[in-house]
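When you get a sec, could you build the whole thing from the sequences and use the hints?
Protein chains: 4
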Amino acid sequence: MKRIGLLTSGGDCQALNPAMRGVVKSLMFSGEQIEIYGFLNGYQGLIYGNYRMLDVSDFSGILTRGGTILGSSRTPFKTIREPDEKGLDKVESMKHNYFKLNLDCLVILGGNGSHKTANLLREEGLNIVTLPKTIDNDLWGTDMTFGFQSAVDIATNVIDNIHTTADSHGRVFIVEVMGHKVGYLTLNAGMASGADIILIPEIPYDIDKVIEAIEQRKKRGSKFTIIAVAEGAISKKDAKLSKKEYKKKLESSPFPSVSYEIAEEIKKKTGQEVRVTVPGHMQRGGSPCPYDRVFASRLGAEAGKLILKGHYGFMVGYRNREIVKVPLEEVAGKLKKVEPDSSIVKEAKMLGISFGD
Amino acid sequence: MKRIGLLTSGGDCQALNPAMRGVVKSLMFSGEQIEIYGFLNGYQGLIYGNYRMLDVSDFSGILTRGGTILGSSRTPFKTIREPDEKGLDKVESMKHNYFKLNLDCLVILGGNGSHKTANLLREEGLNIVTLPKTIDNDLWGTDMTFGFQSAVDIATNVIDNIHTTADSHGRVFIVEVMGHKVGYLTLNAGMASGADIILIPEIPYDIDKVIEAIEQRKKRGSKFTIIAVAEGAISKKDAKLSKKEYKKKLESSPFPSVSYEIAEEIKKKTGQEVRVTVPGHMQRGGSPCPYDRVFASRLGAEAGKLILKGHYGFMVGYRNREIVKVPLEEVAGKLKKVEPDSSIVKEAKMLGISFGD
Amino acid sequence: MKRIGLLTSGGDCQALNPAMRGVVKSLMFSGEQIEIYGFLNGYQGLIYGNYRMLDVSDFSGILTRGGTILGSSRTPFKTIREPDEKGLDKVESMKHNYFKLNLDCLVILGGNGSHKTANLLREEGLNIVTLPKTIDNDLWGTDMTFGFQSAVDIATNVIDNIHTTADSHGRVFIVEVMGHKVGYLTLNAGMASGADIILIPEIPYDIDKVIEAIEQRKKRGSKFTIIAVAEGAISKKDAKLSKKEYKKKLESSPFPSVSYEIAEEIKKKTGQEVRVTVPGHMQRGGSPCPYDRVFASRLGAEAGKLILKGHYGFMVGYRNREIVKVPLEEVAGKLKKVEPDSSIVKEAKMLGISFGD
Amino acid sequence: MKRIGLLTSGGDCQALNPAMRGVVKSLMFSGEQIEIYGFLNGYQGLIYGNYRMLDVSDFSGILTRGGTILGSSRTPFKTIREPDEKGLDKVESMKHNYFKLNLDCLVILGGNGSHKTANLLREEGLNIVTLPKTIDNDLWGTDMTFGFQSAVDIATNVIDNIHTTADSHGRVFIVEVMGHKVGYLTLNAGMASGADIILIPEIPYDIDKVIEAIEQRKKRGSKFTIIAVAEGAISKKDAKLSKKEYKKKLESSPFPSVSYEIAEEIKKKTGQEVRVTVPGHMQRGGSPCPYDRVFASRLGAEAGKLILKGHYGFMVGYRNREIVKVPLEEVAGKLKKVEPDSSIVKEAKMLGISFGD
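Residue numbers (my numbering), protein chains in the order written: chain Z, 1 to 357; chain W, 1 to 357; chain P, 1 to 357; chain G, 1 to 357.
Keep in mind the hints are simulated off the structure, nothing from the lab.
Quick partial rundown of chain G residues pointing at chain P, CB under 8 Å, derived from the structure:
1. 12
2. 164
3. 282
Once the Cα atoms are required to be at most 20 Å apart in a straight line, the calculated EDC-like pairs of lysine to aspartate or glutamate come out as:
4. Z:346 - G:32
5. P:219 - W:32
6. Z:218 - G:55
The structure presented is a predicted model; accordingly, all values stated were derived computationally and were not measured. No residue lacks a Cβ here, since even glycine has one placed at the ideal position from N, Cα and C.
Take a look at the structure:
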């Protein structure tokens, strides 16, 4: 008999449900008796003891469904050790609820921030297994995260649509792709959709180089240019600022995001019409793509196996095409980023894509 | 032997290519010899004599392709009679090019503005046949325009995706749907995707009614609310302003669009998090949906028939499930709008959708 | 207070759930108290008293979901008056269950066969409202049925995919589209996807004309030909047989369906490779398309209105772009078919599509 | 200056165009002058000197297009050394055309069979670079082939659709997925869509085990069962036959494919209704998925690099998330298969999926 807690934390993404289904199905088919406690809205549910008893049948038919049946929320790690507005000690409260329910294990589906908290709970003596969830693919210790390929599919589809209309009109189009710190999503969606220029946080851009790339396209006879811009794209000039200075700059900016600033600069310097599209949260929604469904199901199954064996303190990750377990202390607090001289970036450049660098 | 000019004008949309393919195929299969002159980038091509001779094979394989093989541009009707920056008389120039090429007919694919110019050219003695192109479905004289259903599909898909993520997080989400003057697209996409509140230009909203609808949803246990807002949504207060005053207000607004203003008001009055998504030009792009492909092909075929018979001066439209010809003078300058007391609006209200009125 | 029965009958299709959601939501928002009895698996549930009490929340979130939450089954009308294997009088049993539950009304979502039974129940004194469900669009009394446009989208997508591969290889491809008696689905999917030849039950084909069309394409330089064949396509020769003779012929045929027979004849007479694709039940599945979601929701809302007013004995249909009520006795037993000389068929021919006639 | 030949061979698949675009773009942007000879319809074009001079612009806009702009055909390796019907020595003819055009290199996009011929041409002194194309993912020496993920997406979508309808009706549904020798496609599409039973060539099935799995589902309350069957699925009994005997058995079978035979056995032994869906060539068509577009573009770029360096005799493959070059002699004649005891199969079983073994 195993008593399992489940929670989904952070910005939601597309294969949370298949991953949880994988955990529960693999436990069920192992013949082990299980009791499942679903904490609602991420760590909030664990802090405030807000949970729902779940039945195996709750996980039936959710393989294709986006979102999470448990709800999610962001609980900032920075303040996790501070008491809440009513004076409640959040970490103690989580421990209390875990031990009160006499759980064998807590399965946490989360991204970067959530893994810091997961590791903290491990240090506090909880049995933790985590699954790497994020559309950003920026988790250390795993080649891939679920949600990523689904988000690539959506962002690609957005740029594909813009492509048709750009082709007819002859303009510069900017599509703002999610990703504040890491550019995998923008890089892949940009390559998949034939974007001409890709701007990502890891490779600061020079606006003059961006404009040069637009002008060169015109010379080669192309009426339009499509730029995939990550939310966190940054100019070479701004990259030299301190974190504090840059934050200040952003806050005092008249533009809702960096895309609008880039658009304005291009308009000024080239006189061309520029249109900005912001698909936003759309990139987190919809049915998980088949790749993510298989991937999340496999991760879930292997998480089930770890639980059966009582191997705790791991993230179930993916390396060199095999599902592996990665110690939580190795994962927490680290970010996986696009290497500016990695093969995929070089290949993108070989295909004529400019990074504005 | 028929010498045909073709041009696509205004904001592009999804079934321009199938419609042109329909015209050309129906002429070809009639056995009539044809010469096709494709004017590039809308009326610009006609004004400046910028065209390409097209072959029947140019129309092969374009049934599924978005955009327009001819390019498009907006040429404002208001200034059509004013000379261009070099002093060129635009109307005379269009007539000149038409008659110089000895065309039998000019086929114009366009929306509201383009139909005014089309009718002007008719009055000037040109043989004109038009096809009703617009994602707004706001053309007078036809029940349906091509591009509309494809845009509904895309906007619906955007809201569907937001739905999954909204469901997980518990927030107010605003999706800004195209449509400055007319709300068909927002109304249909909103109904198709289960939006809770729909705000369209034809039904000015009261922000307190909008907030009341959000609060009622909360009382019924719903964590989130989705609002589909047309670009041209307007508050009851603003609807009382003169056109001039309202324009001034918009220009001095700190918000990029009305959606952001609504978002701000909801945040202030309810304290809830609000997210805005702007799919923008994405709604004009991508492959035409099957409905539009059939519809545009049928319109194109009937346009071919009019040309063969020498019946000029008509838009090919759709009424009561039949393709009909509508005199251009009836179409030009009129706008088809959502009637606030039409059955579809009443039915939407019966389903619990609030229009904030 | 209204006590409502709901049942979905016949082959399932894509917007059954949105339609039921429409009925329930419109009753709920009217302020009327309601009790909902969902009969399981079509008329079977009514015959055997197999039902589930449903709550308004059961209809939440099903707008985008294919299938039917009630299950469906085919109950042949021909034997409806015959007792079942245990001697149960089926009609009496349905009446018994209806009156025992003290229902105010029974809402039936069904196609052609189901409407005969619905009308029979009306004659027997039950209060009936029906909704026109079928991917075939063959119901008398309504311009459109829900499920149809979703099925067109799927069948079109199948032929689109075949198009790419056909283009690369150079073969004859046959895609078998659903429709035993009526060709609307094949006609629309064929036109939407640019099929070269369309064979439907209403227009018997001559195999030599089909081959002639293939040969003419070759002469014009086309490497491949795509034929959309309705399940019920019939040759001119076979169309002269009596119903009995034709049935016998089909039963003794070595081919699983008419597509394979046509394929064989083309192979023999032209020596060309022919491939058959049978998407089958796929055409009934998946999420309803936005068109169907709006349409089914509107029909559902108007059905709710009829129930509130106590107007029974009607199918809620669609005519000239308005939702209307159609007396059941007018609908039952009649089939709406593609007219061989209707505008859409003529337009298809104008576009060069052969019907093999 | 480089003179490059291009050919696409074998059954077509979804990312042939992006891969060729990648090769050409990377050569173009390297600054090298290039001349491109596109051989039509696979090796046929090389044998008969049937080619088209291509321009860089021919590769513009094809990133999203399925099929191949060069056409394809199967040229059986077994008879490649036999003269054609007119006595032409095929191998000599290919060499002749290669050297006559003074090519620097021939880029071959193909699957298993095509790689045998590619290696033969290498042995004959031609400079060869190949790209791994196949929806089967069965090429030795690479973790992944392009076309595979796109086909998984399509087959998954088919089963998703069947799922909705299965859910409503309560039947056994068989979906026949492409793959005569290798089951990767069926395995992945089956896992992605939640198939209950997966039958692949590498794991011979016992029909009694299949039926047992159906019965167990019934006991657990499931009305329906979905079986994903690879074209080359084989029973344990038949797996004991010699190749010759099995071929004979298949030829004399009354069933068009093994799916129909399995359907018949289930019907007989359980009395349940069984429906077979055969998506067929649909799985090779349509726009390449974003994953394949990025992947094929990267492979193409690296092929361009090999050509620039004059490194010939390699397939450009993918191992451990890096693009690598694999000597052709290692690839030719070997098949990569699903290992029955690989992790993914084990994980599928942990999720409750039966392989009928």
